[in-house]
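As given, the protein sequences belong to chains Y and E, one line each in that order.
2 is the number that numbering that gives the first Met the number 0 gives to position 3 of the first sequence; each next residue is one higher, with no gaps.
73 is the number that numbering that gives the first Met the number 0 gives to position 74 of the second sequence; each next residue is one higher, with no gaps.
Treat the hints loosely; a few may be bogus.
Cut-off 25 Å, straight-line C-alpha distance, at most; resulting in silico cross-link-like pairs (SDA-like, lysine to any residue) [said to hold, decoys possible]:
hint, chain 1, residue 1, chain 2, residue 2
1, E, Lys235, E, Leu147
2, Y, Lys5, E, Ile199
3, Y, Lys98, E, Phe33
These aren't lab readings, by the way, just hints derived from the structure by calculation.
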Amino acid sequence: MNILRKKLLPYLLLTPMILVMGVLVFYPITATFSYSLKRWKLTSPGDIHFIGLQNYSSILESDSFWYSFQNTLFILTAVVLLTSVVGFLTSIFLHIEVKWSGILLAIAMLPWALPPYVNGILWKFVFSSGYGFLNKVVIGLGLAGQPVEWLNSRRALLLIVSLVVSWRSIPFTALVCLAGRQSIPGGLYEAARIDGGNRYTIFRRITLPLMLPFVAIGITSASVTAINVFDEIIALSGYNDLGANLLVESYLTTFSFLDFGKGSALTYLVILFGTVLGGFYLRSMNKEVDY
Amino acid sequence: MLKIQHERILTKVRKKVGYLTALLIFLLLTLGPFLWTFILSVTPEYAMLEKTPGLLPETVTFDNYRELLTADTPRGGLLITGIGNAIKAVCAALTLGIPVSMLTAYTLSRMEFCGRRLIRNLLLITMVIPVMATIIPLYRLFVARQWLNDVFWLSMVYVSSYLPLTTWLMSNYFATFPKELEEAARIDGCGLLSSFLRIILPASYPIILSAALIMFLNTWSQFQIPLILASSLETKPVAIVVSEFMTKDSIQYGLTAAAGIIAVFPPALAALVFRRFLISGMMNGSVKG
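So here's chain E without its partners, still in its complex pose (with noise of 0.2 Å):
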């Protein structure tokens, strides 16, 4: 009796042990690299580059938190101009996108007709074409039609980029609703439109917010599009000026740190605030039940 519940309390400490050490492990190698980079923005320039053995800096800076944050800097003006860029065209991508794949998902899992098959297939294979496959016709596109540095535009490239995703996830998440439900709307008299929104409509909204953190994040990241498409100060997001500053002639690697986390903290923000919702949007979306 003694032994049996020797062995129990061994196993459930062996338990603890593994679980502790999983942990240990996840949060070193997910938050380490963030660590570090905070730890360098915070570091004063002359001492990064010494010797040193230690990792922590002997002084703490905030200098350079202080210098981005602020619009009159040169270099604050940039960065704080880009996130407001990202800002935009995240909105911009969001009202048209949302709408959209809503529509297209919609339609497809929920409608019969001739193609269907066909048309969802061609949407999800674009999703193996890489942005360099389109973007000088699209370059052209743009200066024909004079859409450079057009925020409109250029998020509409975005939505192109990740139509196929949502869209997916969307109608894989509509078509677990029995067909009955929307036949006995329509029996009592709604057209295709309310039952849409009186039905479809609030059973759905883990899947359209799930969705609008992908758009969300997908926008905020953009680098490839915009270098070509949207040079100009007045578009170009902060993925790109974050870039610069690791490639202007005098590099300054405090700086560029802080410029990361910085541009990191509004999707890291997001993500923390729409993940409740991820998980329940993508255990009916992601696989046909």
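So here's chain Y without its partners, still in its complex pose (with noise of 0.2 Å):
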């Protein structure tokens, strides 16, 4: 009795979250992949049925989707680069040691406070043609003579949907890399400056590599949020194709489109991304560090 009871301790500890994570996220991706394999659009609500993998092929034939995914790989590429970049920068730079760290920190942290939403809102009174910050400051240099459009081509508003989505996710890479560099040992840095190496060894021996398995959780998290952009793509530039990714494309697809089928395999292609990128953030978060 005792032993089953401790055999099953474990699972009956487990209940809540698998109660929790069956009903809201195991049924219903089942439910979209279900979904997914039907003809299933609401202008014909009384011809559903099951019509196999036709839904994932006429995406993969149809333009947009190619479109859109040069996009998601654009979003996702400059985020990652950005984000690890800046965020192991400004780690170091609120490393040191002043009176005001703690407010640095502080206002560090500011956007990551932000949602999503608002984050483009306040971005978009940045770069907006009439109102924007950006234009007067051009126009007042004398460097453009009328306003320009900065959300009307595909590159540049891709670029700046990046740097917004990137400016939300640094300050937690930053934190995650700050906690990292807080880790190391400071008896390492002491011993290493008696062996005679100089900053640029010390860093490139020591600093680097121990803070290298901080960065790499700094890269999966920022990626998962690169794929999964939506607000900030809505705020900007509105419900539109410009600078759709598979996200913003799989919600007009569902939403405007009312093409229920389509809009699932859509989301499915999106986890099956997801997951190729997944299978390194599971291998990264069950490294283990030395020192």
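Starting from two chains that each stand alone, build the complex the way the hints lay out.
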């Protein structure tokens, strides 16, 4: 009896989590998969039937999918690069001890506290053509006579979206890196200095390698954020195709064109894409560090 | 001798200049957008679209804040209800989310059982699932069960979206305590519950507070989920209300800016208060030591 209880106890303790995740995550994604195999348009509600992988093949043949896939890839690359490099540099900056260190840390965290949609609005105020900060500066300095439409070309819009998303995701990475920097024992640096290491070798041999696992967490969390960008795109350019990534495309397919089958298939392609990255995620999360 | 001293002073000055430059760039890039939004929020509407080269408005008005913080005005009423709804959701998410992640993290990090790795990985991998992938079945489920516009179930959906992250942070933290500690307590006659309450819990407050902060910020920020599952006035959170100011037929930029500043205030305050615990929580929470 006692042994049985001991064996069952872990599962019993996990029940709340299993219930929450089962009902609100695993059940829905299974259902979404079954929707993705169906012809299911709200425009013809009487005609819902199984069509196998047809939704997937018609998506893969459409130009709009590849267009938004490219957008997703662009945002992913830019956000990961910006977030990891700037996040790392910020953590080095925040590690320098000064009188106002606490205040600087608090300021650094502010963008993280921002709801993503409000983040998009904040930056729209910077890049908007009429009342935007950037145009006031550009015109004020005489660099342009007319207001520049920053958000009207695909490349500029994607770049701006990436900047804006990175701005919000840098604090978390910086924080994780700072925690990593602070957990390096000071003794290591002393020993290196006694051994005659200069600042560059110390950075390359101690700081960088010991912080890498933390940077990896930053990179992986930034990539999850980057694939799931939605709010900022909507806030900056509205529900249209120009800056659409896979998620916006899936939202439009589902709720504007009311094609639930195809919309579900699209989200599955996003999951597939994410899971490939997720493998890397799990690996870096299970890593151990030896000091 | 003099030369060496001279060089030392020079490197000192160089260091100082470098630091101050970094400080300036940091402050400009971090606070700039907030400042600009604040300036817009106190600029009178008629001055907004004028093609003046100046960045600062000639007259300053706090009418936008006055309107938004008065519950009698239509927009003020909307915003205040939205803030109230977000606070309700935060409370529900914290009361449900913290105990569930603690329980899960404790079990996954300190107990041996079949399928532990599998359950842990299954939980972690859900981090890559976008909201859009679950929202249609969830909507149907919510309609069938009449959970739409119900703060409790809405918060449960939020909890399910960040449970993996908080559980992972907590379980790494719990894993750093030596097993002998609990064994000794067990020998002294402590049950599982009391050894958890007396040994693990008191030593874990930094990570619990960090997780609470992460949950607070994420719940406050929700947009996509409530857009579909909570569209009524009684549950609509503040981010949705602000987005409606932006898209309503007559856009008032100053008002939207003011609403944005107000919406950032509570989470920014929470971040300020809890930041002390964040670093120490993350130090043990993010990488297995």
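Status of the hints after comparison with the structure:
The suggested pairing of lysine 235 of chain E with leucine 147 of chain E holds, with an alpha-carbon distance near 11 Å, which does not exceed 25 Å. Proximity of lysine 5 of chain Y to isoleucine 199 of chain E is assessed by CA-CA distance (about 20 Å); at most 25 Å being required, the pair is judged to hold. A distance of roughly 24 Å separates the Cα atoms of lysine 98 of chain Y and phenylalanine 33 of chain E; the hinted pair therefore holds under the 25 Å criterion.
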